[in-house]
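> In case you want the letters, here they are:
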Amino acid sequence: MRRRLLGGVLFIAMASALGAQNTSYHQDPNWLPPRDAASRMNPLAQKPEAGAGGEKLFRRNCVECHGQDGSGLAKKNSADLLLPEVQSQSDGTLFWKLTNGNTDRGMPSFSRLPELQRWQLVLYVRTLQAAQGSARKDPAK
Amino acid sequence: MKKALVILFVFAALGSVWGQESPYFVTYDHHLEEPGNLEIEVYTTSGIPRSGQVGYVAPYMEIEYGVTGRWTSELYLEGQGTVGDSAVFTGWRLENRFRPLKREHWINPVLYLEYERTSEASRIQKEIVGGGPDVSSPNSDLQATKNHELEMKLILSGTTHDWNIAGNFITEKNLSESEGFEFGYAFGVARPLASLASGNACRFCRENFLAGIEVYGGLGSTEDGFSPHNTVHYVAPVVSWQVSDNGSLRFSPSFALTHEGSPVLFRFGYSYEVRGFGSKLAQFFGGRR
Numbered sequence: 151m152r153r154r155l156l157g158g159v160l161f162i163a164m165a166s167a168l169g170a171q172n173t174s175y176h177q178d179p180n181w182l183p184p185r186d187a188a189s190r191m192n193p194l195a196q197k198p199e200a201g202a203g204g205e206k207l208f209r210r211n212c213v214e215c216h217g218q219d220g221s222g223l224a225k226k227n228s229a230d231l232l233l234p235e236v237q238s239q240s241d242g243t244l245f246w247k248l249t250n251g252n253t254d255r256g257m258p259s260f261s262r263l264p265e266l267q268r269w270q271l272v273l274y275v276r277t278l279q280a281a282q283g284s285a286r287k288d289p290a291k
Numbered sequence: 511m512k513k514a515l516v517i518l519f520v521f522a523a524l525g526s527v528w529g530q531e532s533p534y535f536v537t538y539d540h541h542l543e544e545p546g547n548l549e550i551e552v553y554t555t556s557g558i559p560r561s562g563q564v565g566y567v568a569p570y571m572e573i574e575y576g577v578t579g580r581w582t583s584e585l586y587l588e589g590q591g592t593v594g595d596s597a598v599f600t601g602w603r604l605e606n607r608f609r610p611l612k613r614e615h616w617i618n619p620v621l622y623l624e625y626e627r628t629s630e631a632s633r634i635q636k637e638i639v640g641g642g643p644d645v646s647s648p649n650s651d652l653q654a655t656k657n658h659e660l661e662m663k664l665i666l667s668g669t670t671h672d673w674n675i676a677g678n679f680i681t682e683k684n685l686s687e688s689e690g691f692e693f694g695y696a697f698g699v700a701r702p703l704a705s706l707a708s709g710n711a712c713r714f715c716r717e718n719f720l721a722g723i724e725v726y727g728g729l730g731s732t733e734d735g736f737s738p739h740n741t742v743h744y745v746a747p748v749v750s751w752q753v754s755d756n757g758s759l760r761f762s763p764s765f766a767l768t769h770e771g772s773p774v775l776f777r778f779g780y781s782y783e784v785r786g787f788g789s790k791l792a793q794f795f796g797g798r799r
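As you go down the protein sequences, you meet chains R and D in turn.
Going by this note's numbering, the first residue of the first sequence is number 151, and it counts up by one from there.
Going by this note's numbering, the first residue of the second sequence is number 511, and it counts up by one from there.
Incorrect hints may have been included.
[Stated by the list, open to error] Using 27 Å as the maximum straight-line C-alpha spacing, the simulated DSS-like pairs for lysine-lysine come out as follows:
1) D/K683 with D/K656
2) R/K225 with D/K790
3) D/K790 with R/K226
4) R/K226 with D/K612
5) R/K225 with D/K612
[Claimed, not checked] Listed next, with one range per pair, are the computed distances between beta-carbon atoms:
6) D/P648 with R/A187: 56 to 64 Å
7) R/E265 with D/G594: 35 to 43 Å
8) R/R255 with D/R560: 47 to 55 Å
9) R/M191 with D/E687: 37 to 45 Å
10) R/L182 with D/L660: 38 to 46 Å
11) D/L791 with R/P198: 55 to 63 Å
12) R/M191 with D/H658: 51 to 59 Å
13) D/L585 with R/M191: 43 to 51 Å
14) D/V593 with R/R255: 48 to 56 Å
[Unchecked claim] Residues from chain R that face chain D, not an exhaustive set, calculated with beta carbons under 8 Å:
15) P193
16) N250
17) Q270
Because the hints were derived from the structure by calculation, they are not lab data.
Positions of the beta carbon are idealized from the N, C-alpha and C atoms, including for glycine.
Only chain R is shown next, with the shape it has when bound in the complex (with noise of 0.2 Å):
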């Protein structure tokens, strides 16, 4: 009966994740940097203790539209940061993404952030890939 009882529960769960999570999300393909924005390396990238400091960032400037784990709401139409299609862009894109925004998307610019605290949100946002990799391998956890 427990276990019965904590499989409904789980299955719940699972689903109410999956009803936030921004699955129909698709890429303006518009919304492109410049190639040398583009091939701009990442000055934290040999910092990955400047994450916590990303993580925070997130939480107060991206969870309102991306979700906690990054996942996008639906009801916002904002990007799946989790998705191949983002974690394949380069950090210079992810970082003129955040400098300028998507205004006519509902992505706001973030350019009144300190560079640094951006290249921080960088840094973060590769994180989700590797906590979502480890959560899917372990789905105990």
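For chain R, the structure is supplied; the task is to place chain D on it using the hints.
Frame of chain R; chain D shown alone:
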């Protein structure tokens, strides 16, 4: 009324956002309100008197809403209290800022258009044009003159190495009287005290503070032939502190560079941002946003 206040506080509690607010009081930079967000700001401008003048406190409230990513609209309500005189409501202003360019550039232009219905007793000095406000006459005389004014600004602003540099060029036309066009300016530079965000939650971290300086003043009018006489100019250090995830405090002492107007202005402000206000309001009234 009570219900409206309760609704407002519920929205405020539901949605909050952290964003580094510009520390300026007079100068505008190119950052607009995020679409659908509402910011409620309360400020005061206090004038320290010269001999022969009296002190005053001019509070004002600003309600700012991000209509779209490139259009922000604001309503101001303002008043003023003068020592030994009276406290009066001095009027309202409705302003709109438009950002013509979509992306970030070295210099980002923003067009500003404001209609104001204020009396001559207005002393908030949100901007200074012409010769500045009359700080000597009694409120009863000043309140008798009501003005319809149209104000336009060209805002040019950019950020380099975390320094924001902004310049505003102001022109104002009083539609009720033939005063010609009045002109003014404001320039500001500011930066955060730390570029990297620390990993721990903290209120007194340097990253939560921005500091800078602004300079602003009047440039005369077409009627007085752009005479520099009787114009007011101030230099003002500015500082802002992100006190909570959704609130920030600002402070600025302004020092007069000329012998007109108040020699020192103290400006205080608190702003509170409500994220997703537009969609929450639409949901409340049964919409689907």
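> Run every hint past the structure and note whether it holds.
Hint-by-hint comparison with the structure:
1. D/K683 with D/K656: Since the Cα atoms of D/K683 and D/K656 sit roughly 14 Å apart, the hinted pair holds (cutoff 27 Å).
2. R/K225 with D/K790: Given pair R/K225, D/K790 holds - Cα atoms ~12 Å apart, limit 27 Å.
3. D/K790 with R/K226: Holds, at about 12 Å.
4. R/K226 with D/K612: holds, 21 Å
5. R/K225 with D/K612: It holds: about 24 Å lies between the C-alpha atoms, which stays within 27 Å.
6. D/P648 with R/A187: 56 to 64 Å: At roughly 59 Å between Cβ atoms, R/A187 and D/P648 fall inside 56 to 64 Å, so the hint holds.
7. R/E265 with D/G594: 35 to 43 Å: Hint violated: Cβ distance 51 Å, outside 35 to 43 Å.
8. R/R255 with D/R560: 47 to 55 Å: holds, 54 Å
9. R/M191 with D/E687: 37 to 45 Å: violated, 60 Å
10. R/L182 with D/L660: 38 to 46 Å: holds, 40 Å
11. D/L791 with R/P198: 55 to 63 Å: violated, 41 Å
12. R/M191 with D/H658: 51 to 59 Å: holds, 55 Å
13. D/L585 with R/M191: 43 to 51 Å: With Cβ atoms ~45 Å apart, the hint holds.
14. D/V593 with R/R255: 48 to 56 Å: holds, 53 Å
15. P193: Since chain D brings no Cβ nearer than about 11 Å to R/P193, farther than 8 Å, the hint is violated.
16. N250: Constraint on R/N250 satisfied, holds at 5 Å.
17. Q270: R/Q270 check passes; min Cβ-Cβ to chain D is 6 Å, inside 8 Å.
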